[in-house]
Amino acid sequence: MSTSTLIVGGGVVGTAVAYYLAKAAHQVTIVDQGRHGGACSHANCGYVSPSHIPPIPQPGLIGPTMRSMLSSSSPFYIRPRFSPALFSFLTRFWWNCNAKQMQHAATGKHALLHSSRQLYQELIEGQGLDCNWEKRGLLFVFYEEKHFEEFQKLNDWLARDFQTPATPYCNGELQKLEPALKDEVYGAWHYPEDAHLRPDRLLSSWRGILERMGVKILEQHKVTRFIGEGNRLRAVQCGDQEISADRFVVATGSWSPFFNRELGCTLRIQPGKGYSITMARPTICPQIPMLLEERRVGVTPFEDGYRLGSTMEFGGYDSSVNKKRLALLKSGASQYLKEPFTDETYEEWYGWRPMTPDDMPYIDFAPKYGNVLITAGHNMLGLSMGAGTGKLAWQMLDKLTPHVDPSPYRLR
Numbered sequence: 001m002s003t004s005t006l007i008v009g010g011g012v013v014g015t016a017v018a019y020y021l022a023k024a025a026h027q028v029t030i031v032d033q034g035r036h037g038g039a040c041s042h043a044n045c046g047y048v049s050p051s052h053i054p055p056i057p058q059p060g061l062i063g064p065t066m067r068s069m070l071s072s073s074s075p076f077y078i079r080p081r082f083s084p085a086l087f088s089f090l091t092r093f094w095w096n097c098n099a100k101q102m103q104h105a106a107t108g109k110h111a112l113l114h115s116s117r118q119l120y121q122e123l124i125e126g127q128g129l130d131c132n133w134e135k136r137g138l139l140f141v142f143y144e145e146k147h148f149e150e151f152q153k154l155n156d157w158l159a160r161d162f163q164t165p166a167t168p169y170c171n172g173e174l175q176k177l178e179p180a181l182k183d184e185v186y187g188a189w190h191y192p193e194d195a196h197l198r199p200d201r202l203l204s205s206w207r208g209i210l211e212r213m214g215v216k217i218l219e220q221h222k223v224t225r226f227i228g229e230g231n232r233l234r235a236v237q238c239g240d241q242e243i244s245a246d247r248f249v250v251a252t253g254s255w256s257p258f259f260n261r262e263l264g265c266t267l268r269i270q271p272g273k274g275y276s277i278t279m280a281r282p283t284i285c286p287q288i289p290m291l292l293e294e295r296r297v298g299v300t301p302f303e304d305g306y307r308l309g310s311t312m313e314f315g316g317y318d319s320s321v322n323k324k325r326l327a328l329l330k331s332g333a334s335q336y337l338k339e340p341f342t343d344e345t346y347e348e349w350y351g352w353r354p355m356t357p358d359d360m361p362y363i364d365f366a367p368k369y370g371n372v373l374i375t376a377g378h379n380m381l382g383l384s385m386g387a388g389t390g391k392l393a394w395q396m397l398d399k400l401t402p403h404v405d406p407s408p409y410r411l412r
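For the sequence shown, the numbering used here gives the first residue as 1, with consecutive numbering after it.
Errors might be hidden in some of the hints.
Ranges between beta-carbon positions, derived for each pair [unchecked claim]:
(1) T401 <-> K176: 41 to 51 Å
(2) L411 <-> T224: 21 to 31 Å
(3) T401 <-> V321: 39 to 49 Å
Simulated pairs of lysine-lysine, DSSO-like, Cα-Cα distance not exceeding 30 Å [claimed, not checked]:
(4) K338 <-> K135
(5) K153 <-> K176
(6) K330 <-> K176
(7) K146 <-> K330
(8) K146 <-> K176
(9) K368 <-> K23
(10) K399 <-> K368
(11) K135 <-> K153
(12) K135 <-> K176
(13) K135 <-> K330
(14) K100 <-> K146
(15) K182 <-> K330
(16) K146 <-> K135
(17) K135 <-> K23
Read the hints as simulated data drawn from the structure, not as lab findings.
This structure is a prediction, so every number in the text was calculated from the model and none was measured.
Even glycine gets a Cβ: it sits at the ideal position worked out from N, Cα and C.
Given these sequences and hints, build the entire structure.
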């Protein structure tokens with residue numbers, strides 16, 4: 001029997017949830033405080049990356065690496081300020097920097113990443129999503145030999161425990177594979193199963209499909225209040241309007257902690273500001289997307305554009321654009337690429353990634369309301385995990401057998 005579901009949040013996760021629910025013949029409405037697909041899902045690097053299994057908190061990260069995050073020139077920067085929420089987040093982050101927690105998080109991440117990679121392939125082929133989808137893999141590029149060699153241990157672990165091996169290229173073989181890299185760049189590991197797409201076009205094309213399926217999308221609708229009856233949510237209030245439904249999904253990314261009281265739980269999510277610059281393709285343009293590891297810069301070639309992205313800034317909900325962070329992208333790319341950027345810039349952008357202390361998302365029912373499902377905290381991988389999360393959310397709401405084990409994503 002068809003039921004009505006209201007999804008709060010119109011990013012890639014909310015869109016994916018809406019798709020699978022609509023496909024199962026449910027009535028679906030998406031409300032977003034801004035425009036659909038206009039927040040963190042808009043101009044990220046566009047990776048669909050089953051290779052991104054290792055969590056951010058790892059053994060050995062505490063110490064020099066964490067101290068470097070206090071430097072404004074570091075790719076990962078913590079702006080010093082008084083914030084109990086940030087202190088709680090960092091304390092729990094440090095607690096997760098051990099082998100046991102790393103393995104646990106990697107297992108959970110792998111399931112969603114692997115699932116999403118397959119589901120995106122099915123969606124793009126079956127629905128004809130127009131999003132510049134390309135299957136060229138992803139290069140983890142190392143300027144120095146010692147860093148390239150150090151990655152061997154991590155790659156061996158991924159190959160052994162998750163059947164996700166990479167192919168190494170060095171000693172000039174790398175430049176034959178990717179001529180856009182400078183000769184002095186030592187080597188790279190190529191993960192062939194990764195893919196990439198243009199995220200803004202994915203959301204635009206997917207929206208058209210949703211609307212043809214009957215999904216209502218309400219933009220500029222900020223949820224200000226939850227209206228419950230007992231242990232069930234009856235409606236949400238957006239301005240002067242009440243919108244009711246049988247079930248609700250909270251897919252609000254970095255904004256989710258503002259609903260902690262209404263949900264009856266503590267979502268330890270911090271906004272990690274990432275930046276990107278989209279520009280015209282250089283004459284010597286990379287063919288394969290890549291991560292420039294020592295400088296933490298992502299490089300994505302599109303059919304009609306070129307993007308440098310990444311960096312991480314923990315500075316709260318600051319909506320200003322830090323030009324110094326944008327400059328780090330260009331200076332980092334300049335170390336590796338023959339033609340690192342062009343003067344024809346299309347867009348300078350930032351988005352708040354919803355970061356959690358263990359690098360795992362929350363996908364679970366809210367303690368306060370049994371008909372509210374939380375799908376938030378996908379860290380740097382909302383796009384990569386989006387399709388798998390959408391399918392899992394539908395299965396949990398309809399009480400079907402889940403295609404991946406949902407236990408790693410329970411509220412903790």
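inquiry  = Assuming the hint says 39 to 49 Å, is it satisfied by the Cβ distance from T401 to V321 or not?
reply    = Check passed, 45 Å falls within 39 to 49 Å.
Straight-line alpha-carbon gap K135 to K176, limit 30 Å = holds, 19 Å
message = Checking one constraint from the list: CA of K135 to CA of K23, max 30 Å. Satisfied?
response = OK: K135 and K23 at ~26 Å, within 30 Å.
Restraint check for K135 with K153, where alpha carbons must lie at most 30 Å apart = holds, 26 Å
task = For the pair we were handed, K146 and K135, check the Cα-Cα distance against 30 Å.
result = Holds - the C-alpha atoms of K135 and K146 are around 29 Å apart, at most 30 Å.
ask   = Regarding the pair K368 and K23, is the alpha-carbon distance no greater than 30 Å?
value = With a Cα-Cα distance of about 28 Å, the restraint between K368 and K23 holds, given a limit of 30 Å.
ask   = Cβ-Cβ distance between T401 and K176: within 41 to 51 Å?
value = At roughly 47 Å between Cβ atoms, K176 and T401 fall inside 41 to 51 Å, so the hint holds.
query = Within a Cα-Cα threshold of 30 Å, do K399 and K368 meet the stated pairing?
reply = holds, 19 Å
ask   = CA of K146 to CA of K330, is that 30 Å or under?
value = It holds: about 24 Å lies between the C-alpha atoms, which stays within 30 Å.
task = For the pair supplied as a hint, K338 and K135, confirm whether the alpha-carbon distance does not exceed 30 Å.
result = Roughly 23 Å separates the two Cα atoms, so the pair holds.
30 Å Cα cutoff - pair K100, K146 = Distance ~26 Å between K100 and K146 Cα, so the pair holds.
Hinted pair K153 and K176, Cα distance within 30 Å = holds, 25 Å
Of the numbered hints stated above, none is contradicted by the structure.
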